[in-house]
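As they're listed, the protein sequences go chains A and B.
Numbering follows the working numbering, with no gaps: position 200 of the first sequence is 376.
Numbering follows the working numbering, with no gaps: position 413 of the second sequence is 428.
It is worth saying that the hints were derived from the structure and are not from the lab.
Predicted, not measured: the structure shown is a model, and the values here were computed from it.
Every residue gets a Cβ at the ideal spot worked out from N, C-alpha and C, and that includes glycine.
A hint or two may mislead.
[Unchecked claim] Beyond 12 Å from chain B on every Cβ pair, some chain A residues (computed): (1) G246; (2) G292; (3) A370; (4) T379; (5) W381; (6) K397; (7) S400; (8) V441.
[Claimed, not checked] Listed next, the in silico DSSO-like pairs over lysine-lysine satisfying Cα-Cα at most 30 Å (straight line): (9) A:K388 / A:K434; (10) A:K397 / A:K437; (11) B:K379 / A:K388; (12) A:K406 / A:K391; (13) B:K234 / B:K224; (14) B:K224 / A:K218; (15) A:K437 / A:K394; (16) B:K148 / B:K203; (17) B:K379 / A:K218.
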Amino acid sequence: MRPEALGEAVLDVAVLVSVGRHPVTGRARRADQDARGVELAKSLERAQVTLLHAGTLGEEDEEALRGYLGMGLPSLALIEQPRGADVLPALARALEEANPQLVIAGERAEQGEGSGMLPYLLAERLGWPLIGGVADVESIENGTATLLQALPRGQRRRLRVRLPAIVSVDAAAPAARQSAFGPARRGEIEAEPAAVEWDEAQTEWSVTPARKRPKRLKIVKAASARDRFKAAAAKAEGGSGQVLTDVTPEQGAEAIFKLLKEEGVLR
Amino acid sequence: MLETLLPILIFSALVLAVIGAVRRVLLWRQGRSSPVPILQGLAAMPRRYLVDLHHVVARDKVMSNTHVATAGGFVAAAVLMILVHGLGLANPVLGGLLLVASALMFAGSLFVAKRRRSPPARLSRGPWMRLPKSLMAFSSSVFLITLPTVGILPAGTGSGILALALAAVLVCGLGEMFFGMTWGGPMKHAFAGALHLAFHRRPERFSSKRGSGCATALKALNLDDPKAPLGVETPSDFTWNQLLGFDACVQCGRCEAVCPAFAAGQPLNPKKLIQDMVVGMVGGSDAGYAGSPYPGKPVGEHAGTPHGPIVARTGTALVDAETLWSCTTCRACVEECPMMIEHVDAIVDMRRFLTLEQGNTPGKGAEVLDNLIATDNPGGFDPGSRMHWAADLNLPLMRELGQVDVLLWLGDGVFDMRNQRTLRALVKVLRAAEVDFAVLGNEERDSGDVARRLGDEATFQALARRNIATLSQYRFQCIVTCDPHSFHVLGNEYGALGGPDFNANWEVRHHSIYIAELFAAGRLQVAPSKGGKVTYHDPCYLGRYNGEYEAPRNVLRSLGIEVTEMERSGYRSRCCGGGGGAPNTDIPGKQRIPDMRMNDVRETGAELVAVGCPQCTAMLEGVVDATAEVRDIAELVADALVERSADAGNGRDSSRASQPAVESRPVVKEVTP
């Protein structure tokens, strides 16, 4: 049953999906976070979900994108962008045109730059609010959404945000349902040509495989099990941290520079 | 008076039977098309009935004799009755024969009645309880009515009332035997069963004069046609001869008695499943079912229609999904079914819809399928680490050799530390016998067995096609594997995926078969066993799927081990619970299947249970407080190997000097002069 048939207000939700990369084999797949975004969209009542992808349609890409269709969506809109293009303007234009109330994106892509900046840059361009790390959309009424945002250590924060808005999801959102072969094969990929803006900056970059980031050792000096539990469950309380408010960008940058020096990141 | 009444009764019963038959055929025709040779099938039917069906029925001698007497007597009596009483051929010879036939049938029905006095739980009750009475009513009334015809009693014996009473009894009998046969009574099994044998979807499974048949490979789905349906959603999505097969069920419950999931209290009963398919085909609720229910699911809560869904996305329909996912695909039900019904095919057909269309594989099933797609193995391990277990073994690689005698298919057990011990043992045995072998190494992928049993035909075919492409690059005489699942899939299921340009029919052997051959050729020398009681657990995919019961026992015999058989062994072996993706879907029951199997082992008093399958090893070794050790046949052989004499030892591996065996490679060697 199409949501329109209910004759009630329909919520337009756009999910930005990318081509993922399996962490072990590097094969193209539906990206985990984006798939969680689709799952979140599908769990919304009266939602009209559209899938948006900006990129090319290579054979491997198509199989990965069909992974999203296999979650039970009839079609996916492909904004055609060649490799090396900056997808941001094209995506922003498409969103402006479609004007969805809610845009869901994964926190960061599994390949390419994977900077995690896309939702932020989109929000900046569109002038929409952005909520990161959303675990659940609790309700949507009168143009406002009540969201549950995931914080470290399983904590949740309830936020109210006016729509349209962009939310990004990470591993805290519900796991994506299985992608089924039948709907994946039947689903349609509707390619739309779009103006191309080349990513000039990227050509100047050199790309190397990422190294595992070193983890800061957590030294817990606890005498009893109770203390250890408290230490494990406690909020991050960086003792020497400081909150800067009402400072000029220069002051802020200076503070960050100072911290990086202290931590030995910059020498 | 009877002379005028009898033809009317007989022919009206026949007419009603024909009307019922047409109705029944139309019900079957709701199914999808499935081309079968009609005339050839009808011609083969008597042999299939007398040889294959009775081979299964004869496992229960009393019941077999009862059925021969009752069914044989009935068929003869029915034909003769139509001739003598229907057409009025009051020939004393025919009449005499009719007396004999009806007497035989009566004798048979006495045994049926005796069995029905306190029927075992596996038998259905309800209308089946009146069957002996109907059989006796038919046979006795026909017998009595025929007495005047042959002149034993003078014509016109008995008053009109007696004749009327006799006619009334005959009507009861005719009603059950003729009318009920096509209108859905217990005798339906005779009508549908005969046609089911003739139009069976797997004609290859029947024996011929050339030998016994075996057809256990699942039928491939056509994935090239985007319009072709994926699996079975509604009862009418089965092929017409599958529906016919369901209708042939005689509700004897032999499947129920052997089903490991049913015994474990999981919500599956093969008999009920088949009956539910009949309910769906006709339309209605399962309230009329009079046998054991699915454990934990009362009868009467499910209903379906021919074109309605079998499994509802929410709520209940004909069958609950967990019923379908409880099956271990062990084929015990199919092996026991006297009507040759293919339960496992039906279950996998319905699973295919759930996985390929609904994306509803339960438990870890979905994760396993995702892993198979992304990493070619169900555990999600790095496919590049496939050979890490054998880092010290210097296994020859197919890619480097191109041509060997034996391609050793390792299977996904390479990632499992327990199975790695089996593989090491197998390599040791092959080296001791100086077998020219090689492995695919990282080029090998999961055979696709689990994906296929979980209903993901797409992933199975993708894996299979890539494996076929890899295998067809190399030349070898046979594939040897220690995994019966790979053995079955490579040997029986890949063949259908081969094309005109490449052949996917290889000679595949289970390691027990190959080791038995090595023993027969005198290529292995072993020390006699130290004794101790040993039993052997038949893996489903080696035994029932491939009919190989002897080779593993021969190997054990060559080791000097006398196998103490479990009560359920050979074709009746009880599943370990590890097949069909059942450990992944993990449907809860009252007890675990492997626990029951280790109990079977305990009952023999064996200290060691020999196995031949990585799944069985894992499942049986997972049993807590087991009384017996679980060892693979390869491990037993490897342990018993005797080093050859020095001369022979020097000669070994001469054919492949670049890859010396591990044992002969010194770790430290003194080089001081």
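Task: Structure versus earlier hints, numbers of those that do not hold, lowest first - done: Structure breaks hints 1, 14.
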